[in-house]
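*Asks:* Residues per chain are reported as follows:
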Amino acid sequence: MSLALGIPASTVSSALRPFGPVESARATRHHVLVDPKDLREALGAARRELKLDHFVQLATIDVGDAFELRYILTGSHRALVSVRTRLPRAAPHVASVHDLLPPAGLYERQVHDLFGVVFDGHPGLSRLVLAEDWPEGVHPLRKDFLVEAAARPGAKGGT
Amino acid sequence: MDALSTLFYALVFPGFLFLASLALLFQYVDRKVVARVQGRIGPPLLQPLADFVKLLGKEVISPEGSDSRVLSAAPLVALAAVFAAFLLMPVLGPSPLGFTGDLPVALYLLTLPTVIMLVVGFASKSAYTSLGGARAVTLLFIYEVPFYLALLAPAIAAGSWSMGAIVEWQSANGLLVLSQPLALAVALVGLQAKLERAPFDIAEAETELIAGPWTELTGRRLAVMRLSFDAALVAGCVLVALLFLGGGALPGDPHPYWLVAVAVVLLKAFLVALVLIVVRAAFGRLRVDQFSSFGWRVLAPAAVLQVFVVLVTVGGGWP
Amino acid sequence: MAEIMIPIGPQHPALKEPVNFKVFAEGEIITRLELDLSYNHRGIEKAAESRDFTRVVPLLERICGICSHSHTTNFVKGVEEAMGVTPPPRAQYIRTLIAELERLHSHMLWLGVGGHEIGFNTLLMWTWRDREDIQDTLEEMTGNRVNYGTNKVGGVRRDLTQDQIDRAHKRFDTLEERFQGYAEMATQNPTIRERFQGVGKLTREQALALGTVGPTARASGVDSDIRRDDPYCAYPDVKFQVVTEESGDVFGRTLVRVREMMESLKICRQLLADLPEGPIAAKAPRTAPKADVISRYEAPRGELVHTILTDGSDHVARLDIRTPTLANWTSVAASLPGAHLADIPVVVAAIDPCLSCTSRVTVVDIHGRKPASYSWDELRAWGIDRHAGRRRRS
Chain A
1 MSLALGIPAS
11 TVSSALRPFG
21 PVESARATRH
31 HVLVDPKDLR
41 EALGAARREL
51 KLDHFVQLAT
61 IDVGDAFELR
71 YILTGSHRAL
81 VSVRTRLPRA
91 APHVASVHDL
101 LPPAGLYERQ
111 VHDLFGVVFD
121 GHPGLSRLVL
131 AEDWPEGVHP
141 LRKDFLVEAA
151 ARPGAKGGT
Chain B
160 MDALSTLFYA
170 LVFPGFLFLA
180 SLALLFQYVD
190 RKVVARVQGR
200 IGPPLLQPLA
210 DFVKLLGKEV
220 ISPEGSDSRV
230 LSAAPLVALA
240 AVFAAFLLMP
250 VLGPSPLGFT
260 GDLPVALYLL
270 TLPTVIMLVV
280 GFASKSAYTS
290 LGGARAVTLL
300 FIYEVPFYLA
310 LLAPAIAAGS
320 WSMGAIVEWQ
330 SANGLLVLSQ
340 PLALAVALVG
350 LQAKLERAPF
360 DIAEAETELI
370 AGPWTELTGR
380 RLAVMRLSFD
390 AALVAGCVLV
400 ALLFLGGGAL
410 PGDPHPYWLV
420 AVAVVLLKAF
430 LVALVLIVVR
440 AAFGRLRVDQ
450 FSSFGWRVLA
460 PAAVLQVFVV
470 LVTVGGGWP
Chain C
479 MAEIMIPIGP
489 QHPALKEPVN
499 FKVFAEGEII
509 TRLELDLSYN
519 HRGIEKAAES
529 RDFTRVVPLL
539 ERICGICSHS
549 HTTNFVKGVE
559 EAMGVTPPPR
569 AQYIRTLIAE
579 LERLHSHMLW
589 LGVGGHEIGF
599 NTLLMWTWRD
609 REDIQDTLEE
619 MTGNRVNYGT
629 NKVGGVRRDL
639 TQDQIDRAHK
649 RFDTLEERFQ
659 GYAEMATQNP
669 TIRERFQGVG
679 KLTREQALAL
689 GTVGPTARAS
699 GVDSDIRRDD
709 PYCAYPDVKF
719 QVVTEESGDV
729 FGRTLVRVRE
739 MMESLKICRQ
749 LLADLPEGPI
759 AAKAPRTAPK
769 ADVISRYEAP
779 RGELVHTILT
789 DGSDHVARLD
799 IRTPTLANWT
809 SVAASLPGAH
819 LADIPVVVAA
829 IDPCLSCTSR
839 VTVVDIHGRK
849 PASYSWDELR
859 AWGIDRHAGR
869 RRRS
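Chains as they are written, first to last, in the working numbering: chain A, 1 to 159; chain B, 160 to 478; chain C, 479 to 872.
With the rest of the complex left out, here is chain A (with noise of 0.2 Å):
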């Protein structure tokens, strides 16, 4: 039952050179690196030209000196596309994307929350995952923020 669809890797390059390298690692798994400037317009470009019109993730990860963000988008071809991009730790700021893609109006509130990374232009990026007293200015994804371990078997110390 599998419809073995996807994008040929040539057509992610062509719409997606422009902004960054792209690396395909089958027809259904395409990545691109764009710089946080050229993040809305790579974007916009991705869901014209291959159309990918279902948002699927904004995941984040603390890679140490920046924290990168993955848009995961698909469409009826049912390949995931991730424009990615890099945001240096000590500013992480980037454009919001809930215009261009309106469930980020939440997913973006809730990276805020873990890792604090700020979007520009987001409408209300008030607090949506962390507690009301939970303290400002702390983000607990981030992998500075330490979770004492107590004495649990198989569990690292402080990650």
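FYI, nobody ran anything at the bench for these hints, they're computed from the structure.
Treat the numbers as computed from the prediction; the structure is a model and nothing was measured.
Treat the hints loosely; a few may be bogus.
[What the hints assert, rightly or not] Here are the simulated BS3-like cross-link-like pairs (lysine-lysine), alpha carbons at most 27 Å apart as the crow flies:
#1 284/B / 213/B
#2 717/C / 500/C
#3 630/C / 51/A
#4 768/C / 143/A
#5 744/C / 717/C
#6 761/C / 630/C
#7 648/C / 744/C
#8 37/A / 51/A
#9 284/B / 717/C
[Claimed, not checked] Computed footprint of chain B on chain C, listed as stretches where at least three residues anywhere in the stretch have a Cβ under 8 Å from a Cβ of chain B:
#10 620-634
#11 669-676
For each residue, glycine too, the CB sits at the ideal point set by N, CA and C.
Here the structure of chain A is known, so what remains is to put chains B and C in place on it, guided by the hints.
*Replies:* Chains B and C only, in chain A's frame:
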């Protein structure tokens, strides 16, 4: 009737104690039948009594800013209104407290509990209760007129505003359920709505408004208010039994011995209640605007049509 | 009437889990709403980073009671992809069977809850009674009614006996009849039609634009189902239909779920009939090489996505979870303004919200070594101090 018997009539039988017991009994039947329909076991016979007694002993909590005296008095007023209405009804035979025109008075008294709900809703000073109280009155405007009209039809046919006289008339002229089925249908719908039962439990919609105007009633206030509505179920069913099913009369005997009369009235009322109970189990809840639409497009025209038919037949000299 | 604010939650009879929305309404019509999802936060993504794979599985299982298998399956298959391990066919079939049983019990629960939201408690009682048949099957097969503990990296932990299979078949026969009954009830009961038709309407364009997934999206004509589009486990071996409707309202979503229940029953029967022999697990290494995996799964509520980064050690470097309910909240926020207050529970319930899934990211550090007891205020102040102190130190 001398003062002592009147007092007995009003407070013990068939008055206060009798009605209160019936109210609890009808609540039991309601819960048991619904439970069985739903595949559950349902409560034991004394559960409603146990609940009532338990509630009497619970702490009364008045929300900040609410009018405590109103919240305490209102349930008592509702209870009194329902009991007064019941006392007017000819259950043993003609009621010693009945009089010409007692039908509209009984109807008015039975409307009071809904108005009390509005008062309680606003006196509780909460968004949920105010909305619930407002809904209760909005509903009132929709079903009350058709309900009154539906009960007007028997009065026109019998040529009297006295419940006793209407019952008498049926012994001679046939049960009104047969000649005015439309009125009966409208009356049943109106009664279900008045008693805030599904599909018309809109004012207290649990999943939207917590409990509507009931939300802030606690302890003995809640106990008394619930008892009023349970008693209203009994009174309403008895009223329908009187006006449409011939009251305490039997086919061959318009004035049976009082014990028999009571049993017959109760049996008929019980049948009416069963209909209301099964309807409650079979439906979900309507939205206010949907009920409004139903009320104006179906209920009101049906009631008006029925009254019109009765006027024509009475005027034309047909029985 | 002037605008009033009605708080829905965090405790409210319409909500099975805490969420807070402030609904602003004029009379009975909603004008806008504000959403706060923090109440079920438990720090799971963070906790996953400090545990090895085996220990992450029970952690993820407890994200949610009714979609627990979804989270664990999605995770283990992602890790298996990273490690290059393939579970044996029998394990895949068992995983898929449990997944479909989960879908069945979740949809039945939903049907009951949908009925309850409109005051139709009879439907609630009947569907939940029948749901017990599925729960009994799950309990016999896995030892538990929820949080089954069946998955591990490499395969499953328990095998099925012939006796369990026979009993399951019998129950499926009864359920099939009951489902026909529910299909009729859902389509013909007047209050269900009144309360669900035309409510919470989402067009196909809106559903796509707002990132809606699962039965909510399929009811708006979006033809998407991960079991078919990005197949996993034993789905390539079974035949089933992806159910869609065009109406886009709550009634459509009801129909989709009822028909999906029937499809799931078909899938379960096929799986049991064709169950391959063989081992139930492959040997998996302790560590996973450096890899970057996107694992997707069609949970009962819709598409569940895990982005998993492994780094050569025995635990994940990052586990980023996007649950279907988080994806669907935006559609609730979009379809409520202009609707009646009375429709709120219906519209919220129609996306089949699982708040435990939605709020499960980070925090929690609750061990107090001191034997004294604390008042709520003291605990709160203590927590804040600790976090502030940690920030100063780092």
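*Asks:* Next, verify each hint and record whether it holds.
*Replies:* Now the hints, each set against the structure:
no.: 1; hint: 284/B / 213/B; verdict: 26 Å, holds
no.: 2; hint: 717/C / 500/C; verdict: 44 Å, violated
no.: 3; hint: 630/C / 51/A; verdict: 37 Å, violated
no.: 4; hint: 768/C / 143/A; verdict: 18 Å, holds
no.: 5; hint: 744/C / 717/C; verdict: 8 Å, holds
no.: 6; hint: 761/C / 630/C; verdict: 10 Å, holds
no.: 7; hint: 648/C / 744/C; verdict: 13 Å, holds
no.: 8; hint: 37/A / 51/A; verdict: 22 Å, holds
no.: 9; hint: 284/B / 717/C; verdict: 58 Å, violated
no.: 10; hint: 620-634; verdict: violated (count 0)
no.: 11; hint: 669-676; verdict: holds (count 4)
Of the numbered hints stated above, those contradicted by the structure are hints 2, 3, 9, 10, listed in ascending order.
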